[in-house]
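S.K.: All chains should be built: construct the whole structure from the sequences, respecting the hints.
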Amino acid sequence: MEDNAHLLPYARRSDFHVGRATELSGGKRKLYRFLEILPGLASWTTLIGIVLLSIYRPFLAAYFIIAFSIFWVLKTAFLSYHLRHNWRRLRHHMSLDWQDLVSRFEHEHLYHLVIFPFYKEPREVIEATLESLVRVSYDKKKLIVVLATEERAGGEAAQIATEMKERFGEEFGHFEITSHPANVPGEMAGKGSNVSYAIEKVREKLIEPNKIPYEHIIVSNFDIDTVLYPDYFNCLVWHFMTAERPLKSSFQPVPLFNNNLWQAGSLSRVVAMSSTFWEMVQQERPERMATFSSHSVSFQALYEVNYWQRNMVSEDSRIYWNLMMANDGEYDVIPLSYPVSMDANVGGNLFETVKNIYKQHRRWTYGVENFSYIAYHFTRNKNIRLGKRIKILLQQAEGYWSLVTNPIMLFVLGWAPIFLGGRVFHETVLSYNLPIVVRNLLILAMFGLVISSIISLSLAPKRPAHRSRFAYVVMAIQWLLVPFTMIIFSALPGLDAQTRLMFGRYMGFWVTPKKR
Amino acid sequence: MSPQVQPLSYRHRFVFFYFLTGIFVLALPFLYLYATGYRLSSLGGNLISTGGLYVATERSGAQIYIDDELVRETRIFRRAFYAQGLDAKTHKIYVQKTGHHTWVKELPVYAHIVTEAQAFNLPLVPQVRIITEWQTEAGVSVLTSISPILKNASSTNQVLYEPRASTSTLAVNSEYVQLISLFKETSNYTESVLDRARANITGSSATSTATTTKEWRGVQLYEKDNEVYAAFVGNKEEMPYYYCAEAFPTWEESNATSTATAKHNLALTHGALEAATEVDELDLPVQAISNEVECDPVIKIDRKNETISDFDFFPNSTDLMIIATESGIYVIEIDDRSWQNRQPLLLGNNLTFKVVGSSVYAYDGKVIYQISISQNWF
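Protein sequences, first through last, are from chains A and B. Taking the working numbering, I'd label the letters of the first sequence as residues 1 to 516. Taking the working numbering, I'd label the letters of the second sequence as residues 1001 to 1378.
Calculated directly from the structure, the hints in this document are not laboratory data. From a predicted model like this one, the values you see are computed outputs, not experimental measurements. Please note that the accuracy of each hint is not assured.
So, partial list: chain A residues that the calculated Cβ filter (under 10 Å) puts toward chain B [to be verified]:
| no. | residue |
| --- | --- |
| 1 | Ile70 |
| 2 | Arg88 |
| 3 | Ile436 |
Beta carbons: idealized from backbone N, C-alpha and C, even for Gly.
M.R.: See the structure below:
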C-alpha cells in the first residue's frame, strides 16, 4: 500500500505542497515564478504609475485620487458595518452558556488534540496558556495536549517543557511533548514543520494504538501565547456539530491580541487591535476567509492532506488553501465569533517594539505567497467551478494589492499631483481643491475609527489596579495613529514581503518574541 | 436552542454593498464638478464655472478683504487664504494691518484657475538702527547733526546727539567702517560681497552679470534706457504666473496711451465694471496656460516718473524688489497684473542702500541706517 494512499486524490500530486518556484521544474516552474512576481509587480506598477501620472497627467491623477478617496470612505463604512455586527455577535457569543447549548448533542466521542508549537518563549507565557486550558468548562480528559518543542531551541526549552508536563500533565487526558528535529531536508524551520511533526508523532503513539477514529478528533493549532476563554471547546463543538460538513470545515476564532494590552504601548495596541478588527470583519464574510493564526480543524481533514505545509512561512492560512484544493473547492471556514486571547507585540523599548511589529507583519503579509499557490493550482484543478476560481482569485488579488497600495496612495501619493503636477496644474482650482476634498473625505473616513475606539475599549481586559483611569482616554484617542500604523505596519511590510517574493528572495519563519 | 445573533446574511451584505455603490456613483461626478470649480448658481440653479484666489501675507494679525468683505484674519500658522467659488471677473483684494501700509490689488479671476497674490505690509513708521561713524566707549552711537531721516522713522538703539563732540574723545565704530566700504566700493566688488552674503543666508547662489544687473533664483533685475525691468530667466516650471499675465499699464502709460488694453485694465483697476464691459468683455474666458510659455517674461517696474538710482531684491524674495529714488527707498512688487504696490521702506532725499544677507542698510551721506525687516520674510 502506498504511503500516500490516505491522501485525497488531488493531494497526491507532487506539486501539491509546493512552497516556492524553485521546487518545480520546466513550465510549471516558470508559471509559478511568474505568479510569485505578479503581486509585487502589480503593487509597484500602481505606486510608480501614480507618481508618473502625477507628473505627466496630473489632472487624471487628481481625478483618480478623488475617486479613490470616495471609495476609501465607502469601504470604511462597509467594513465598519461588518465590524460592528461581528462585535455584537462576539459579545453575544461570549455571554452564552455554550455548555448548555452543546449538552443536547452527543459529543462525548469527540477528542480535542490541542497543539502548542513552542520555541524559546518565556516560562510565564506557557504557564498562562496552560492555566487557561485548565480553566476551560469542558471535560479535560477529552483533551490531548501537545507541547511541540524544537530540538534547535536547546536544553532550556526542553527543560521548561518537562516542567510543564510535570505540573499540568495530570490535568488532561494526555500530555505529550514532541521534539521536532533540526535541519530536516525539505523543511523550513518554523511552525508548520513543527506542528506537522508533532501531530504525526501523536497519531503514531496515541491515536493509532488507542484506535481513536480520526473523524472524532478536532485539532486545535494554537500559538503558544493563546489564552483560551472558558467556553472555547463548547463553542467549537457546537459549531462542529451544527456544521453542514464538519469534516470539510475549519473553525476560526477571533484572535484578540490583548493578553498584555495593559503592558503594551499605544502603537502596539493599535496595531494589535487593527489585526483583531480585520479578523472580526472577515468573520462576517466567511467566503473570503482563510484560517489565520490559532484555528481548529478535524484530524480527518488534516490527515487527508498530510497536515500543514512544512516548507513555507504562512502555514496557518496555507492549510486552508491546501484543504480547499484537495477537496475540489468544497471546503469552508466557519467563523466562531468567539475569542482567543493572544499577545500584542511588545519589545524592550520603542525601537524594538517597532522592529518586532514590522517583522511580524512582514511575516503575516508574506501570506502573499499563497496567491501564487492558489493561482497555480487553479490552473491545475479543473474540478473547482471556474466561476468560483475566478472569484476567489480576484478577491485574493484585490486583498494583497489593496493592503500594500491603498494606505500609501491615500496618505502619501494623494498629494503627489500637487507637488509633481507642474505649474499648469498648480494654478488650477482642482490643484487647490484636491487636498481639501481628500482631507475632508479622510476626516469622514476617520469616523470609522470612533467605532474602532469604542469596540477596542469594550474588548480590553480588566484594568490593573496600578493603571489610572486616564489610560482609557489614551486608549480611546490612540486610534489617531491609524494613518501612521497603516503605512508603517501594513503597507510597507507588505510591500517589503511582495518585493522579496518578486525577486525570489524567499523569507524564512521569524518567531515573534513574547514579552509580558 | 442556538445563538440569537446570526451572521450577516449574504443578502444583507449584497444590499448594503449596492447601496454604497450607488452613493459612489452619485458622489463621484458631484465631487469632480466641485473640485474643478463648478458651483450652483444662486440665480436659476444652473452650473457655473468659478475660479479661486489665493492671497498670502507675511504678517500675522493682518486682515484680508476680498470685494470689501473680511475673509481672514491671519495668524502665525495661517497667513494665507484660499477663496474658492469666485465668479470669473475682477476682484478687489486688500490686506491691512494697524500701523502698516495697506496692500491693495485688483486681480482677474478666471474660471477653473486660481489667481495667486503675495501681499506685503511694511510698517508706517520704519524702525532703524542707527550706525554712526563715531561712538562712545560704551558703544553708544554719536550723532553730530540732526538726521532728517528720523522724522519718518524711529530708532531702535540708543543714540547720543552731540553736535560739538570731539572725535578725540570718541571711538571709531568698526561696523560703520565695514559698512561704509560697501557703499563706497565699486559696484562689481560690492555685488560679489553681497552675493556671497546672500548665498550664505539662503544657500543658493546669486550671480551678477553687470553692474546694473542682479540675478537671483531665476529672476534678473536690470536697467535699460533708464527703466528697470524684472525678467524671469529660470526654469519655466517655476515661473510665477504674473510674468505672462496681461500687464497693467505703468503710470506713464496710463497717462499717455489710450489703447483698448489700457482702458480695459484701467477700468478694472478702478472697479468700473460697466466701463470695462464696454471696452472689453468682462466675462473672461478660461485662460489657457501652456507649459511652453510663449510670452516674453519681462516686467517693467513702474517708477512713477521718478528716477531709480539703485535697485536690488528684497531679502529672501523674488517677488519684491527695493528701489532707491530721489524721494526715498521703496519696496515694490514685481507683479504687474494690476498696479504695482509700492511702499516706502525709508523716506529721505538722496538715500542709497545695500542689501547684505537678510539686512537692508540705507546711507544718507553721513549715517548708516539698518532697516528692520519683519522676520516673517525669512
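S.K.: Can you give the numbers of the hints that this structure goes against, from lowest to highest?
M.R.: none
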